[in-house]
Amino acid sequence: MPKALKMDVEASQGVKNFLKHLLESGKVKGVFALKKMNDSGAVSYSLITSVEELASAEPLMPLMPENAGQALSRLTVKEALKEPVAAVLRPCELRAFTELVKRVQGSEDNLLLISPICAGVFPLSSATDGSWEKQMASYAESSREGKIHPGVRKMCQACTSFIPGRADITVAFAGRKDTGSSCHLILDTPRGEEFAQGAPGTPETVEKEPAELAPLREARAARRSEVFKEIDVQGQKGLIKTFAPCLGCHGCMHVCPICHCVLCVFDSKMYELQPWSIESEPESKGGIRVPSGTLFFHLGRMAHMAVSCVNCGMCSDVCPVNIPVSEVFSMVGDQLQKVFEYVPGRDVEESVPSGTYKEDEFAGIGEQ
Amino acid sequence: MSDAYNPRIVGFLCNWCAYTGADLAGVSRARVSSSLHAIRVMCSGRIDPLYVIMAYLKGADGVMGMGCHPGDCHYLKGNYNARRRFVMLESIFKTLGLDGKRIGLWWVSASEGKRFAQVTNEFTELMKTKGPNPFREEMFI
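In order, the protein sequences belong to chains A and B. Residue numbers 1 to 368, in the working numbering, belong to the letters of the first sequence in order. Residue numbers 1 to 141, in the working numbering, belong to the letters of the second sequence in order.
Looking at chain A on its own, in the form it has when it is part of the complex:
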């Protein structure tokens, strides 16, 4: 059983105390976590370097203003961090960051990765109207009981990868009955143990995935198949029904942590309507939709990134016309990942399936 640090405060405060200790003792020079921006209710990922500013940090606040993987990539893509920084991010965000590091879009150097066993986050729309705050009591309760909170985002309800795979320190949160009055920081790596030395709390050993988490995992898996059944993307008819409302804002692409290309084909002139198609298509089809290429955009993006989809749900969350983008991409991604036996974010050394090959695979293809 892995070593852990037990603290006699609720989880969010426990993490905060730990971060404060790291910052005060000089073990880290900065903390990367969610922080309240002002009284508007807005939160944002921030790199915090002073203990005073840390007071308004909310490391376990159930909101995702941006995939933290993308945010960390912004900080580290040009140069690795020179001083140690403790980063608190959710499991899907950690997977996203891992995928980005693989793609040379960031660096893990000098980062202490802290990630909770996740109970899900509320939709972004609830950040500004304050509705998430009203649900916090019931959120904490259902988290303790290992139940799915009905207010969290659909993809969070359907997430089965809620235990961080490669964090240095895992915060035991979802499914733990004791999180109201105490919490455990599980020290997964020697690096985590090293940073936790001298931190407030009592050393213990705990299971990372105890039996009490099994019902939550089952409930999430059941919800996942339900969610996949709810969407209709079967064939031409289903795809058009689902994607017809698309405005072409490309918001899903811009918040996607995997879509990192600086020059994306869908943002380029290549994607714009060509004069020849304006002439020829209406002739054969009786008309042309403007903006054109909606389905092409979604299927094309899928072919490029779905194999690395980390199911973070950002795309569905930002869609102004409520297209279940993440649900569709996760469903496709699940199958793609099965084909290549690939788990996004599992291992930073593992190559992305679209960037590697084996000589002796898929032998039937091409020979027919």
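Since the hints were made in silico from the structure, they are not lab data. Just so it is clear, the structure is predicted and the values come from calculations on it, not from any experiment. Here a beta-carbon is modelled for each residue, glycine too, at the ideal position from N, C-alpha and C. Treat the hints with caution; some may be incorrect.
In silico DSS-like cross-links for lysine-lysine, where the CA-CA straight-line distance does not exceed 27 Å [what the hints assert, rightly or not]:
#1 A:K338 x B:K128
#2 A:K358 x B:K77
#3 A:K237 x B:K101
#4 A:K177 x B:K128
#5 A:K358 x B:K94
#6 A:K229 x B:K101
#7 A:K285 x B:K77
#8 B:K130 x A:K237
#9 A:K20 x A:K6
#10 B:K77 x A:K229
#11 A:K229 x B:K114
#12 B:K128 x A:K102
#13 B:K101 x A:K338
Some, not all, of what chain B presents toward chain A, calculated at C-beta under 7 Å [said to hold, decoys possible]:
#14 L24
#15 G26
#16 V87
With the hints as your guide, set chain B onto chain A.
Chain B in isolation, oriented as in the chain A frame:
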């Protein structure tokens, strides 16, 4: 010419093998389906999945990718990448209930003029039995 349905097939042919193979088929006077609209690419690894999806959505009845046999790639590994991309496309088409039989990848070497004619004709016949791609008539893509 009869009014029989003649499918439109877009083919992406690698410059070094399949395109040369197609040339050989012509020189050898092999009978090759006129349905194929060949586009020369420098390598089958250059066939971005987007090309295949675009051709399919714009109403091509079939999309063929053709490249060098494994191990024979002019650029050493382009065809291995192409193979993975077609496996991905197949999986996506399957999950979304699209007709994955309308797309495919074939290895055709520069000396296989006969094979080029054969696979092209076979694929054309298959597309004939399938009928037109329903996306041909679709205004919303």
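Now the hints, each set against the structure:
1. A:K338 x B:K128: Violated, because 33 Å separates the two Cα atoms, which is more than 27 Å.
2. A:K358 x B:K77: holds (10 Å)
3. A:K237 x B:K101: With a Cα-Cα distance of about 18 Å, the restraint between A:K237 and B:K101 holds, given a limit of 27 Å.
4. A:K177 x B:K128: violated (63 Å)
5. A:K358 x B:K94: holds (23 Å)
6. A:K229 x B:K101: Between A:K229 and B:K101 the Cα gap is close to 24 Å, so the pair holds against 27 Å.
7. A:K285 x B:K77: Violated: A:K285 and B:K77 sit about 40 Å apart, past 27 Å.
8. B:K130 x A:K237: holds (18 Å)
9. A:K20 x A:K6: holds (16 Å)
10. B:K77 x A:K229: Not satisfied, since the Cα-Cα distance of roughly 39 Å exceeds 27 Å.
11. A:K229 x B:K114: Cα-Cα ~46 Å, so violated.
12. B:K128 x A:K102: Distance of about 44 Å is beyond 27 Å: violated.
13. B:K101 x A:K338: holds (21 Å)
14. L24: violated (18 Å)
15. G26: violated (22 Å)
16. V87: B:V87 check passes; min Cβ-Cβ to chain A is 5 Å, inside 7 Å.
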